[in-house]
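Q: Using the sequences plus the hints, can you model the full thing?
Residue numbers (the numbering used here), protein chains in the order written: chain Y, 1 to 447; chain S, 1 to 332.
Because the hints were derived from the structure by calculation, they are not lab data.
Source: prediction; values computed, not measured.
Be aware that a few hints might be false.
Computed, partial: chain Y to chain S, Cβ under 10 Å [unchecked claim]: (1) V66; (2) E81; (3) L89; (4) Q95; (5) G98; (6) E104; (7) F109; (8) G116; (9) Y120; (10) P252; (11) P402; (12) V417; (13) Y424; (14) V425; (15) E443.
Virtual Cβ for every residue (Gly too), placed ideally from N, Cα, C.
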Amino acid sequence: MFAAATPADLTAARAQMALSLGWHIILACFGVGMPALTVFAEWRGLRTGNEDYVRLARQWARAMGVLFAVGAVSGTILSFEMGLLWPGLMATYGQVIGLPFALEGFAFFIEAIFLGIYLYAWDRLSPHRHVLTGLPVCVAGVASAFFVVAANAWMNQPRGFDLVNGAVTRVRPWRALFNPAMPWQVVHMVLAAFMVTGFGIASVYAAGMLRGRRDRYHRIGLLLPFIVAAVVTPVQIVVGDTLARFLATRQPAKLAAIEGLNHTGSHRPISVGGLYLGGRIRYALRIPDGLSLLVGYRPGAVVQGLDRVPPADRPPINPVHLSFQAMVAIGFGLLALSAWLALSWWRRRDLPRSRWFLWFCAVAGVASVVALEAGWVTTEVGRQPWIVWHHQRTADAVNPAPGLWAGLVAVLVVYTVLTVAIAYVLNRLRSRPVGAPQEGWAEEYEP
Amino acid sequence: MTSAQWLLVLTWVGVTLYALLGGADFGGGFWDMLAGGARRGFAQRRLIEHSIGPVWEANHVWLIFVLVMFWTCFPRVFASVASTLYIPLTLIAFGIIARGAAFAFRKASTELWQLRLFGGAFALSSILTPFFLGTVAGGVASGRVPPGLARGDLLTSWWNPTSVLAGLVAVGSTAYLAAVYLTGDARRGGDTGLAEAFRHRALVTAVVTGAIVLGGIVVLRDDAPRLYAGLTGRALPLVAVSGFAGIVSLVLLLLRHYTTARLAAGLAVAAVLWGWAAAQYPLLLPPDVTVTRAAADPPVLHATLASVVVGMVLLVPSLLWLFALFQRTPKR
Numbered sequence: 001m002f003a004a005a006t007p008a009d010l011t012a013a014r015a016q017m018a019l020s021l022g023w024h025i026i027l028a029c030f031g032v033g034m035p036a037l038t039v040f041a042e043w044r045g046l047r048t049g050n051e052d053y054v055r056l057a058r059q060w061a062r063a064m065g066v067l068f069a070v071g072a073v074s075g076t077i078l079s080f081e082m083g084l085l086w087p088g089l090m091a092t093y094g095q096v097i098g099l100p101f102a103l104e105g106f107a108f109f110i111e112a113i114f115l116g117i118y119l120y121a122w123d124r125l126s127p128h129r130h131v132l133t134g135l136p137v138c139v140a141g142v143a144s145a146f147f148v149v150a151a152n153a154w155m156n157q158p159r160g161f162d163l164v165n166g167a168v169t170r171v172r173p174w175r176a177l178f179n180p181a182m183p184w185q186v187v188h189m190v191l192a193a194f195m196v197t198g199f200g201i202a203s204v205y206a207a208g209m210l211r212g213r214r215d216r217y218h219r220i221g222l223l224l225p226f227i228v229a230a231v232v233t234p235v236q237i238v239v240g241d242t243l244a245r246f247l248a249t250r251q252p253a254k255l256a257a258i259e260g261l262n263h264t265g266s267h268r269p270i271s272v273g274g275l276y277l278g279g280r281i282r283y284a285l286r287i288p289d290g291l292s293l294l295v296g297y298r299p300g301a302v303v304q305g306l307d308r309v310p311p312a313d314r315p316p317i318n319p320v321h322l323s324f325q326a327m328v329a330i331g332f333g334l335l336a337l338s339a340w341l342a343l344s345w346w347r348r349r350d351l352p353r354s355r356w357f358l359w360f361c362a363v364a365g366v367a368s369v370v371a372l373e374a375g376w377v378t379t380e381v382g383r384q385p386w387i388v389w390h391h392q393r394t395a396d397a398v399n400p401a402p403g404l405w406a407g408l409v410a411v412l413v414v415y416t417v418l419t420v421a422i423a424y425v426l427n428r429l430r431s432r433p434v435g436a437p438q439e440g441w442a443e444e445y446e447p
Numbered sequence: 001m002t003s004a005q006w007l008l009v010l011t012w013v014g015v016t017l018y019a020l021l022g023g024a025d026f027g028g029g030f031w032d033m034l035a036g037g038a039r040r041g042f043a044q045r046r047l048i049e050h051s052i053g054p055v056w057e058a059n060h061v062w063l064i065f066v067l068v069m070f071w072t073c074f075p076r077v078f079a080s081v082a083s084t085l086y087i088p089l090t091l092i093a094f095g096i097i098a099r100g101a102a103f104a105f106r107k108a109s110t111e112l113w114q115l116r117l118f119g120g121a122f123a124l125s126s127i128l129t130p131f132f133l134g135t136v137a138g139g140v141a142s143g144r145v146p147p148g149l150a151r152g153d154l155l156t157s158w159w160n161p162t163s164v165l166a167g168l169v170a171v172g173s174t175a176y177l178a179a180v181y182l183t184g185d186a187r188r189g190g191d192t193g194l195a196e197a198f199r200h201r202a203l204v205t206a207v208v209t210g211a212i213v214l215g216g217i218v219v220l221r222d223d224a225p226r227l228y229a230g231l232t233g234r235a236l237p238l239v240a241v242s243g244f245a246g247i248v249s250l251v252l253l254l255l256r257h258y259t260t261a262r263l264a265a266g267l268a269v270a271a272v273l274w275g276w277a278a279a280q281y282p283l284l285l286p287p288d289v290t291v292t293r294a295a296a297d298p299p300v301l302h303a304t305l306a307s308v309v310v311g312m313v314l315l316v317p318s319l320l321w322l323f324a325l326f327q328r329t330p331k332r
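A: What follows is the structure, given as structure tokens:
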């Protein structure tokens, strides 16, 4: 097996991967969710002749053009980093997880081709044909997410190969793709993408309404994405709960880390909040039998604790526990916000009158991104110290070349600049009158 | 042919398409860099913007296709190359992100300082990225990447005569392809002056790149004798095709037959890539890692081959429609 040049290099490689993945995942979510919203708005505009829908579709298409372009390249960085940072993983298991990535490649191809057509051919196709070219983008975006998350699910539930003296043989790529963790992880991720997109876009228009722009354009811009996200939120909570129950049987070390549960047994409590200090959870609100009830629907249900996991194989508890708590808390907060709108709509067919509602909506976008990142930390850090669960340690997969920390520094600089630039460009797009999506500086700038 | 050989051919088709399509997009950045001041270069930059805007993302996916094919079908080769050539590959990754992001940001900009900032980042990264891609190719072709994780020299594996030569040839080829393509695009757009300007550039670039290639023969003989023997032996017909197609493309440019000049220029670049492949086959990592030794488990190869064939059925018509749509002048 191989080892990093120094422990600092391993930490640097992990930090670099975490940063570039955590950054890309936000753009990827918009890539999955935003085409559907944009195409729907364009179609509504065509059907009803409502100019506001047309304006929104154009505005979202322009933002999508920026987000997709940056997402395409930040996703490419990840496929480089798979080899640059984790050649041990790729050398041994690259062939096992290659198939979902190959399929993802084709989904991404279709997405890029039709996005090019959708964004640049507004004046080259009839309106109805143009709407139709958006549909492959929507389908391919979800398909990309499916394949990529299937590969990640495989890292949690590796299947479809035999190991003989440390060498991979008899690979069954379709079994690897359809591993047991795949269905729930994929659904959880795709729903998360629609929540991030929906709450994210809605928050922009909520902020606009707080500044006094209460026209129909802003109302639709808030309501359409918000309703999509609000419908998804309760489903997401059920799916998340199912995924946690899946962990109880299939990846108990991760659930034990999530709950900070030391001892295996029945009548296990659930800890809300708190920190894992001195070997146990402190300062938490403990609900007796709570975890046993959630996992097995009865107080006597046995839940595995960390005592069944050798100390060297335990994930770090606090990051996993805290990020899971943050994700669940935000999820229920967003559910409450959705219920508020539903109630108001049921009573008076209108948005809630309170300014607080707009304030919460304006924050919901950032909150859903925080929940997304927290969920990602839960599943990734919760798998540690393994990169392939129970098969390969992260420390054995890292590139043994020295100087990986330099890559981390460079990535930090690059992503900081990119974050500033993308925020600046999107903010300018928001405040400018809406032009046709295919037009850019070459039409607007006068030399 | 075995599945591994078929997959290698398909991957190399991907490399070729990336060079011809994605390469030309990089070349667009090269000419963007040299277009001159904001006022003088406006028309050229606008043409470049319109030519690559709708297609560069799709063209870029060929690179992802190639990476994924390599790690799925030849995982140990991928891991060896990635770990040893860590430095240029990291720089390529940064170049790719800077190029794509800056191009998208520039499209959404209107003020001069933004156009300069994002345009400059786009242009600079468009020149550096193909250079480093070339150094990676040179490192592999000259046998400087041994099998195993980071077993090669982290610096001289890509900073050596063959790599630098390959990097320069890559930059020259992308600039040449872009100039030839842009000449045709400019004429279709009805701007004869612009077409003449790019035609002139294409001619100059062809001569310069040709000179680098000729001088490179000496470099390869000393620095990479095995590659040199392959190129002058088994791969000689392809090398000859490349040279001949290059000259034909020059003649066609002089005669202002821009569509056929495109095909000839593309053939010249493609023949270099296939010449390299023919010279090196069946070795993936010279001197001793062969296709058969490096190939993944047969079920993986079969599943990937089937997926690629099915994927192509979806991909090829979509891609052709994309190109057809934007090679027509829009109805106003």
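Q: Now, for every hint given, state plainly whether the structure supports it.
A: Comparing the hints with the structure gives:
1. Given the 10 Å rule on beta carbons, the hint for V66 (chain Y) holds: about 5 Å separates it from the nearest Cβ of chain S.
2. For E81 (chain Y), the shortest C-beta to C-beta distance to chain S is roughly 7 Å, which falls under 10 Å, so the interface hint holds.
3. A cut of 10 Å between beta carbons decides the hint on L89 (chain Y): the least distance to chain S is about 8 Å, and the hint holds.
4. Satisfaction of the interface hint for Q95 (chain Y) is found here, the shortest Cβ-Cβ separation to chain S being roughly 4 Å, below the 10 Å cut-off.
5. Hint status for G98 (chain Y): holds, given a least beta-carbon distance of 2 Å to chain S, under 10 Å.
6. Interface hint at E104 (chain Y): satisfied, since its Cβ lies 8 Å from the closest Cβ of chain S, which is below the 10 Å cut-off.
7. Using the Cβ-Cβ criterion of 10 Å, the hint placing F109 (chain Y) at the interface with chain S is satisfied: the shortest such distance is roughly 5 Å.
8. Restraint check, G116 (chain Y) versus chain S: the minimum CB separation of about 4 Å is within 10 Å; hint holds.
9. The beta carbon of Y120 (chain Y) is positioned within 10 Å of a beta carbon in chain S (closest approach about 4 Å), and the interface hint is therefore held.
10. Residue-level restraint check for P252 (chain Y) is violated (minimum Cβ-Cβ distance to chain S is 31 Å; threshold 10 Å).
11. Because the closest C-beta pair between P402 (chain Y) and chain S is about 8 Å apart, less than 10 Å, the hint holds.
12. Below 10 Å, beta-carbon pairs count as interface contacts, and V417 (chain Y) has one with chain S at about 9 Å; its hint therefore holds.
13. The beta carbon of Y424 (chain Y) comes within 8 Å of a beta carbon in chain S, closer than 10 Å, and the hint placing it at the interface holds.
14. Taking 10 Å as the C-beta contact cut-off toward chain S, the hint placing V425 (chain Y) at the interface holds, the least distance being around 5 Å.
15. Hint status for E443 (chain Y) relative to chain S: holds, with the closest Cβ pair at about 9 Å, below 10 Å.
Hint compliance for this structure: hint 10 alone is broken.
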